[in-house]
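Working from the sequences, and respecting the hints, build out all of it.
Last residue of the sequence shown: 924 (full-length UniProt numbering), numbering continuous.
By construction, these hints were calculated from the structure, which means they are not laboratory data. This one's a predicted model, so the numbers in the text were calculated from it and none came from an experiment. We put the beta carbon where it would ideally sit given N, CA and C, even for glycine. Hints may contain errors.
As the list claims (entries may be wrong) - Pairs of lysine to any residue, SDA-like flavour, derived with a Cα cap of 20 Å:
{"no.": "1", "residue 1": "Lys857", "residue 2": "Arg808"}
{"no.": "2", "residue 1": "Lys596", "residue 2": "Asn545"}
{"no.": "3", "residue 1": "Lys915", "residue 2": "Asp897"}
{"no.": "4", "residue 1": "Lys348", "residue 2": "Lys81"}
{"no.": "5", "residue 1": "Lys286", "residue 2": "Leu217"}
{"no.": "6", "residue 1": "Lys81", "residue 2": "Met17"}
{"no.": "7", "residue 1": "Lys198", "residue 2": "Ala314"}
{"no.": "8", "residue 1": "Lys196", "residue 2": "Arg273"}
{"no.": "9", "residue 1": "Lys857", "residue 2": "Thr846"}
{"no.": "10", "residue 1": "Lys233", "residue 2": "Arg273"}
{"no.": "11", "residue 1": "Lys695", "residue 2": "Pro793"}
{"no.": "12", "residue 1": "Lys914", "residue 2": "Gly661"}
{"no.": "13", "residue 1": "Lys915", "residue 2": "Lys639"}
{"no.": "14", "residue 1": "Lys850", "residue 2": "Ile890"}
{"no.": "15", "residue 1": "Lys196", "residue 2": "Lys348"}
{"no.": "16", "residue 1": "Lys198", "residue 2": "Lys348"}
{"no.": "17", "residue 1": "Lys695", "residue 2": "Cys791"}
{"no.": "18", "residue 1": "Lys133", "residue 2": "Lys184"}
{"no.": "19", "residue 1": "Lys853", "residue 2": "Asp897"}
{"no.": "20", "residue 1": "Lys346", "residue 2": "Gln365"}
{"no.": "21", "residue 1": "Lys850", "residue 2": "Cys904"}
{"no.": "22", "residue 1": "Lys875", "residue 2": "Ser848"}
{"no.": "23", "residue 1": "Lys854", "residue 2": "Lys914"}
{"no.": "24", "residue 1": "Lys639", "residue 2": "Gly661"}
{"no.": "25", "residue 1": "Lys384", "residue 2": "Ser368"}
Unchecked claim - FRET-style restraints, in silico, Cβ to Cβ:
{"no.": "26", "residue 1": "Arg856", "residue 2": "Lys339", "range": "47 to 57 Å"}
{"no.": "27", "residue 1": "Glu329", "residue 2": "Lys875", "range": "54 to 64 Å"}
{"no.": "28", "residue 1": "Lys875", "residue 2": "Met548", "range": "48 to 58 Å"}
{"no.": "29", "residue 1": "Ile829", "residue 2": "Gln355", "range": "19 to 29 Å"}
{"no.": "30", "residue 1": "Tyr208", "residue 2": "Glu235", "range": "34 to 44 Å"}
{"no.": "31", "residue 1": "Lys346", "residue 2": "Ala720", "range": "53 to 63 Å"}
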Amino acid sequence: GGELYDPILVDQQLRDMDEDLLWEMVEGHRYRIVRGVTPSRLTPYLRQAKVLGQLDEEEVLHSPQFTNSAMRVGHMLDLLKFRGKNGALAFLESLKLHNPDIYVLITGLEPSIDHNHFSDLIESSQLTECLAKAVSSLQEELSQEKRQKVSLLHHCRKLKEKTARLEAQAESLSGIEAECNRMKRELSAHFHEALKLKDELYGLSLRYSSALQEKDLAITRCQSLQEELYLMKQELQRARVSSYCEWERSSRPAGDTQPQADELQTLREENERLKSMPLSFAQVQKDILEQNLDDALDGKQELLNRIHSLREQAALAENQRKQCWEEKEHTLIQCQRMKVDCEIYKDKISALQAQVADLQKERDQAYSARDAAQVEISQSLLEKDSLRRKVFELTDEICELRKQTGLSGSVLAEPCPKRKQRLVRMNAVCPRGDSQDSFLSMSESWSDLSNRSNQELLGSIRSCCPIPPCKHSLQRRTLLCCILTCEGMSQGEGKGRYAHPGRRQKPPCPLCPHGSILLFPSVPMRRRLAQRFPSRITTIAFQANTLMEQISIIGGNQTGIFIHQVTPGSAADEMSLSPGHQIVLVDYGVMEPGFKAVLEDATLEEALWVLERVNGFCCLSVRLNMEGYKKLLSDLNSKLVTSGDSFYVRSNLCLERQAPGELLVGCHDILHITDTVCQGQTQWSACQVNPYTMKDMDAGTIPNYCRAQQQLITLIQEMAQKSTVTHKNSGLQPKLVRIVSTDNKKINPLWSSMDCSLSDSSKPHSEFRRRVSLHTRSCVSLMPYTLVRPCRPGCPRPVLLVPTLLGRILADKLCLSKAFEKCPAETHIVQELLAMEIYPIIILVTISEKNGKKFRKALQRLGATEEQLLETARKEEAQLETVPCLYGTIAPDAWSDHDTLVSCVRMAIAEEQKKVVWVEQMPH
Numbered sequence: 001g002g003e004l005y006d007p008i009l010v011d012q013q014l015r016d017m018d019e020d021l022l023w024e025m026v027e028g029h030r031y032r033i034v035r036g037v038t039p040s041r042l043t044p045y046l047r048q049a050k051v052l053g054q055l056d057e058e059e060v061l062h063s064p065q066f067t068n069s070a071m072r073v074g075h076m077l078d079l080l081k082f083r084g085k086n087g088a089l090a091f092l093e094s095l096k097l098h099n100p101d102i103y104v105l106i107t108g109l110e111p112s113i114d115h116n117h118f119s120d121l122i123e124s125s126q127l128t129e130c131l132a133k134a135v136s137s138l139q140e141e142l143s144q145e146k147r148q149k150v151s152l153l154h155h156c157r158k159l160k161e162k163t164a165r166l167e168a169q170a171e172s173l174s175g176i177e178a179e180c181n182r183m184k185r186e187l188s189a190h191f192h193e194a195l196k197l198k199d200e201l202y203g204l205s206l207r208y209s210s211a212l213q214e215k216d217l218a219i220t221r222c223q224s225l226q227e228e229l230y231l232m233k234q235e236l237q238r239a240r241v242s243s244y245c246e247w248e249r250s251s252r253p254a255g256d257t258q259p260q261a262d263e264l265q266t267l268r269e270e271n272e273r274l275k276s277m278p279l280s281f282a283q284v285q286k287d288i289l290e291q292n293l294d295d296a297l298d299g300k301q302e303l304l305n306r307i308h309s310l311r312e313q314a315a316l317a318e319n320q321r322k323q324c325w326e327e328k329e330h331t332l333i334q335c336q337r338m339k340v341d342c343e344i345y346k347d348k349i350s351a352l353q354a355q356v357a358d359l360q361k362e363r364d365q366a367y368s369a370r371d372a373a374q375v376e377i378s379q380s381l382l383e384k385d386s387l388r389r390k391v392f393e394l395t396d397e398i399c400e401l402r403k404q405t406g407l408s409g410s411v412l413a414e415p416c417p418k419r420k421q422r423l424v425r426m427n428a429v430c431p432r433g434d435s436q437d438s439f440l441s442m443s444e445s446w447s448d449l450s451n452r453s454n455q456e457l458l459g460s461i462r463s464c465c466p467i468p469p470c471k472h473s474l475q476r477r478t479l480l481c482c483i484l485t486c487e488g489m490s491q492g493e494g495k496g497r498y499a500h501p502g503r504r505q506k507p508p509c510p511l512c513p514h515g516s517i518l519l520f521p522s523v524p525m526r527r528r529l530a531q532r533f534p535s536r537i538t539t540i541a542f543q544a545n546t547l548m549e550q551i552s553i554i555g556g557n558q559t560g561i562f563i564h565q566v567t568p569g570s571a572a573d574e575m576s577l578s579p580g581h582q583i584v585l586v587d588y589g590v591m592e593p594g595f596k597a598v599l600e601d602a603t604l605e606e607a608l609w610v611l612e613r614v615n616g617f618c619c620l621s622v623r624l625n626m627e628g629y630k631k632l633l634s635d636l637n638s639k640l641v642t643s644g645d646s647f648y649v650r651s652n653l654c655l656e657r658q659a660p661g662e663l664l665v666g667c668h669d670i671l672h673i674t675d676t677v678c679q680g681q682t683q684w685s686a687c688q689v690n691p692y693t694m695k696d697m698d699a700g701t702i703p704n705y706c707r708a709q710q711q712l713i714t715l716i717q718e719m720a721q722k723s724t725v726t727h728k729n730s731g732l733q734p735k736l737v738r739i740v741s742t743d744n745k746k747i748n749p750l751w752s753s754m755d756c757s758l759s760d761s762s763k764p765h766s767e768f769r770r771r772v773s774l775h776t777r778s779c780v781s782l783m784p785y786t787l788v789r790p791c792r793p794g795c796p797r798p799v800l801l802v803p804t805l806l807g808r809i810l811a812d813k814l815c816l817s818k819a820f821e822k823c824p825a826e827t828h829i830v831q832e833l834l835a836m837e838i839y840p841i842i843i844l845v846t847i848s849e850k851n852g853k854k855f856r857k858a859l860q861r862l863g864a865t866e867e868q869l870l871e872t873a874r875k876e877e878a879q880l881e882t883v884p885c886l887y888g889t890i891a892p893d894a895w896s897d898h899d900t901l902v903s904c905v906r907m908a909i910a911e912e913q914k915k916v917v918w919v920e921q922m923p924h
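Rendered as structure tokens:
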């Protein structure tokens, strides 16, 4: 037998090992550990062994930083490594209990348990709690595995059913193919028979032609015989004449009678002989010709009968050939359809697999992006803490320097409180020119400002009010910043703490009152230095008097706003602005507080509106993008586009065609805007969009946002004046206006104020600011166009029937077919569905008092009345106006009974399922 195995000796061997050796054994199999260990099963034992705390367990199991089990096990190993040797031994003991195979892989020892040692490590009550938690975790895992098994079995069952359907289709296709082959063989056999019949017909035609030739020969022979008969008749006539002559001579004297009688006798014999000869010959020839003629007539009749029968057989064969050809074409069409269906199923399956792969990739990218963001947030927090400590240290140093210099009198002599420094505005630059007069005038103003109280000076520097400071406050802040900078530089030269190796040393401040610092009366103050960011965005500050006279721009929201031309010798030219620079941001807040616009996603109309109002000192953030600029120029030159704008809007009013070239637009129509600067910045170039394919259709011009808003207000006023006229609810009236209003804070600030400036761009800036401020005081703003984006849902959209009482009745009938499934829903859940990116189909069934009576029995089953149905319909129709999506309407005269209404609802749902969903989105 072998040696006896003693678990006490095994545990003693592990306890005698060095800490580094134990963790080296564990780290050597880290990959297998993180892949095969479940942390929720080990943490109760490790917590009872006092190598992990409750907070550590909570962090390992529930921290959002760890997205999978492998990351949690890795973090748990890192925590145990800090516990040293006890952590390694406790981890191995837990593996011995829950993962003995991994324990054998790490240690090479058998995972036997010493119950005495185990009882010494954990108390009985704690052991019970540990085992209960382990059992509960195992039960949860078992339930999860069961649910996964059920889902997998369900999925497998679906796949088997689909496979069976495909096999049945394949069998039907094979049967059709065999039938097609059989018909091909029959067609070839019929074709060969037709060829044989053609050959026989050709032979008969040859025989007929030969019979006709023989008939011609017989006719020719008969004519020759008739000619011979005629000749014989002539000879007979001559003989008669000669005999008559002889008879006359016989009547002469008697002496000549005897010889003449002999001669006459001979002539008569000769005549008799001649008469008998042609008569016998003609009779023979006549008999021969009659026999040949009878034979020819019999053969002709036989040939005619044969030809007639062959023609009937050929017509029958031709009909059979046509039938076979039609059956063949029908079979080929069915086969082609089946092949197309198979290809469509294959494409659907491949597309589904590709979507699943894309979703997995996006999920992995989202996980990695989330981890990177968490790492960046942690780093930024650490940097923020270090910077806050540096700020506190610098604040103490500033207080000490103020005490030493005695610049601020008794106020600055007080100890500086150690608290968090509030935000202050620094490095404010005077937007004037860089001439010497401006500098001298500013230096003269310091003598007046020095008489002010020190408390006011300190309050201006450390102001926390959100209102921008006045001009003198900026100048006082500039003076104090210059003094502190000079003191910091003099202090930093001794300590070497604020020196920057890559930054040029600033010259001494000319406003500093110390005698040791030289005065430079011609210090340039024309602009700040350009700031460079990692994304290659450069901020340039310069004096932009009438900026649009210095530069011209092209582009739009799709391509970006690019500088196209720069006036030579202008301030923009001196700042090295050139064609190809993309304008990202405009900051005109120095001259007009709050005037700051991001043009990265702005349209050409918005960019022109912003840049035309820049007249003075401003900051432009630009990015060099020559590739995008050249592509835009090539598209403009080739007339592929008319501008860089491209976005979709939904019209909230009807627009009539008032001039040639304008587009006829109905309420709820989707428009593709391709140019926002068309015919003098008052019209947009747009195309109507196909609701099924998103292709551009009719093109034309429409009013821009501001003009459309004015037309909307005018149309609402006209409708309010006509509201006194009563309309009978006899049919569905076309909708002229959809009231869409929103808070001014939630829409594009340019759109909310452009109507104040496009018409009166020549008015002074004070008037402009007054009108803008009056406009922005309003709570809401009517929106003639709503910005939308296309969306194609991957699954069928849910259907919501309004009113809900009628929806419950129709849902029961629609669910009789397997195409619909019933689920509870109300009108108020539309917002929740849209928040989850589920876009329902809302069908409003308009009900009159006459049509409401047709649902009396169905309403009684639901415990409702006709009056309740009509009241519910009116209330829910009013609620639909507040829903941020469109809805379809079925007129009361479009249906007469329940079945026609159900069919109308089916058709409306089918049409809506085919259409593209347009989702509202907020402007940039």
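Going through the hints against the structure:
Restraint check for Lys857 and Arg808: satisfied, since their Cα atoms lie roughly 14 Å apart, inside the 20 Å limit. With a C-alpha separation of about 17 Å, the suggested pairing of Lys596 with Asn545 holds against the 20 Å cut-off. A threshold of 20 Å between alpha carbons decides the hint, and for Lys915 with Asp897 the separation of about 28 Å lies outside it, so the pair is violated. About 51 Å separates the Cα atoms of Lys348 and Lys81, which puts this hinted pair outside 20 Å; it is violated.
Of the pairs offered as hints, the one joining Lys286 and Leu217 holds, with about 15 Å between alpha carbons and a cut-off of 20 Å not exceeded. Note on Lys81 and Met17: the hinted pairing holds, with a Cα-Cα distance of about 15 Å set against a maximum of 20 Å. Proposed proximity of Lys198 and Ala314 is supported: the alpha carbons are some 8 Å apart, at most 20 Å. Restraint check for Lys196 and Arg273: the C-alpha separation of about 60 Å exceeds 20 Å, so the hint is violated.
Restraint check: the Cα-Cα separation between Lys857 and Thr846 comes to about 19 Å, which is no more than 20 Å; the hinted pair holds. Annotation: proposed proximity of Lys233 to Arg273 holds, straight-line Cα distance about 14 Å (limit 20 Å). Simply put, Lys695 and Pro793 have alpha-carbon atoms about 18 Å apart, close enough for the 20 Å limit, and the pair holds. Using a Cα cut-off of 20 Å, the hinted pair Lys914 and Gly661 is violated, with the two alpha carbons roughly 31 Å apart.
Restraint check for Lys915 and Lys639: the C-alpha separation of about 30 Å exceeds 20 Å, so the hint is violated. Distance check on the hinted pair: Lys850 and Ile890 sit about 15 Å apart at the alpha-carbon level, within 20 Å; holds. Between Lys196 and Lys348 the CA atoms are separated by roughly 52 Å; this puts the pair beyond 20 Å, and the hint is violated. Taking the CA atoms of Lys198 and Lys348, the gap is near 53 Å; set against the 20 Å cutoff, the hint is violated.
Taking the CA atoms of Lys695 and Cys791, the gap is about 14 Å. The hint holds against a cut of 20 Å. In summary, the hint linking Lys133 to Lys184 is not supported, as the alpha carbons are separated by about 75 Å, beyond the 20 Å threshold. With a CA separation close to 11 Å, the supplied pair Lys853 and Asp897 stays within the 20 Å bound. Distance hint between Lys346 and Gln365 is unfulfilled; the C-alpha atoms sit about 28 Å from each other, more than 20 Å.
Proximity of Lys850 to Cys904 is assessed by CA-CA distance (about 18 Å); at most 20 Å being required, the pair is judged to hold. The hinted pair formed by Lys875 and Ser848 meets the criterion: a straight-line CA distance of about 14 Å does not exceed 20 Å. Our distance criterion of 20 Å between C-alpha atoms is broken by Lys854 and Lys914, whose separation comes to about 31 Å. At roughly 19 Å between alpha-carbon atoms, Lys639 and Gly661 fall within 20 Å of each other, so this suggested pair holds.
Taking the CA atoms of Lys384 and Ser368, the gap is near 24 Å; set against the 20 Å cutoff, the hint is violated. The hint said 47 to 57 Å for the Cβ distance between Arg856 and Lys339, and at roughly 53 Å that hint holds. Checking the proposed 54 to 64 Å range against Glu329 and Lys875 shows it holds: the Cβ atoms sit about 60 Å from each other. For Lys875 paired with Met548, a C-beta distance near 53 Å keeps the hint of 48 to 58 Å intact.
Under the hint 19 to 29 Å, the C-beta atoms of Ile829 and Gln355, about 27 Å apart, fit the expected range. Between Tyr208 and Glu235 the CB atoms are about 41 Å apart, so this pair conforms to the stated range of 34 to 44 Å. For the hinted restraint 53 to 63 Å between Lys346 and Ala720, the CB-CB distance of approximately 59 Å keeps it satisfied.
The earlier numbered hints that this structure contradicts are 3, 4, 8, 12, 13, 15, 16, 18, 20, 23 and 25.
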